[in-house]
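Visitor: I would like the entire structure built from these sequences, with the hints used as guidance.
So in the working numbering the end of the sequence shown lands on 278, straight run, no missing numbers.
FYI, nobody ran anything at the bench for these hints, they're computed from the structure. All figures in this text were calculated on a predicted structure; none of them were measured in a lab. Just so you know, even glycine gets a beta-carbon here, dropped at the ideal spot from N, CA and C. There may be inaccurate statements among the hints.
What the hints assert, rightly or not - Here are the simulated SDA-like cross-link-like pairs (lysine to any residue), alpha carbons at most 20 Å apart as the crow flies: (1) Lys72 / Leu201; (2) Lys230 / Glu154; (3) Lys230 / Leu242; (4) Lys230 / Asp147; (5) Lys230 / Pro98; (6) Lys72 / Leu258; (7) Lys230 / Asp149; (8) Lys230 / Ala241; (9) Lys72 / Ala181; (10) Lys230 / Leu214; (11) Lys230 / Leu150.
To be verified - Across the chosen pairs, the derived CB separations fall in these ranges: (12) Gly136 / His189: 20 to 26 Å; (13) Gln215 / His248: 35 to 41 Å; (14) Asp94 / Gln187: 36 to 42 Å; (15) Ser207 / Ser90: 16 to 22 Å; (16) Leu252 / Leu75: 18 to 24 Å; (17) Leu150 / Arg217: 25 to 31 Å; (18) Arg253 / Glu222: 44 to 50 Å; (19) His189 / Glu154: 32 to 38 Å.
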Amino acid sequence: MQRPTHSQVLRGKLDLFGRPLDAVLDRFWASPDVDRLFPRYLVQVHQMIRASVPLMETARRCAAARADDPVCAALVGYLDEHIEEERDHDLWVLEDLEVLGVPRSEALSRIPAPCVAALVGAQYYWIQHHHPVALLGYIASLEDRPASAAFLADLQARTGFPEAAFRTLRKHGQLDPGHREALDRFFDHLPLLRPHLTLIGLSLAHTASCLTECIENLL
Numbered sequence: 060m061q062r063p064t065h066s067q068v069l070r071g072k073l074d075l076f077g078r079p080l081d082a083v084l085d086r087f088w089a090s091p092d093v094d095r096l097f098p099r100y101l102v103q104v105h106q107m108i109r110a111s112v113p114l115m116e117t118a119r120r121c122a123a124a125r126a127d128d129p130v131c132a133a134l135v136g137y138l139d140e141h142i143e144e145e146r147d148h149d150l151w152v153l154e155d156l157e158v159l160g161v162p163r164s165e166a167l168s169r170i171p172a173p174c175v176a177a178l179v180g181a182q183y184y185w186i187q188h189h190h191p192v193a194l195l196g197y198i199a200s201l202e203d204r205p206a207s208a209a210f211l212a213d214l215q216a217r218t219g220f221p222e223a224a225f226r227t228l229r230k231h232g233q234l235d236p237g238h239r240e241a242l243d244r245f246f247d248h249l250p251l252l253r254p255h256l257t258l259i260g261l262s263l264a265h266t267a268s269c270l271t272e273c274i275e276n277l278l
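Guide: Right under this line is the structure:
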């Protein structure tokens, strides 16, 4: 029997640990108050996305410092490319919020919930105090559920918000499937050992758990 690839293992874990998140997202998007909840959701999305590039830059620095580690050597090149792909996406969210009447200053002044801090903070710890490969579990989790065009069209109809308010979700719906495929290819070519796979699995499980808690808090 052929052994599963690294990416197949990764996707299997995402399916398993993402089930509670899928359930709470179904409740969230089905809420009759989704028009009231959506701006709050975007503020929380911004609080997460603004950490993406700094997190990857930290992981890149830590990976580059481990010159004798082949996994880290490969991570440097992957992160160089992904950093540029994700740059300024946090500004897109702020612009979407302005379309909804939420000033940039108000969005930036809101204190992130503990689940947001736990979501991001755990990655900094694993990256700096264990191994930067942990970030792959985080990236895979965040890019695993891109919004479809049909879903966004329905959401716009239900909320009555202008199309410009959904730019970030629409663009990520277009970009993330390609990012997933690139991550899978990269993942399958990494010389990963069991401890690496365990850490990545722990990272994605933690990410899914924190995301679930964050959506629960909005509800």
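Visitor: So which of the earlier hints does this model not fit?
Guide: none
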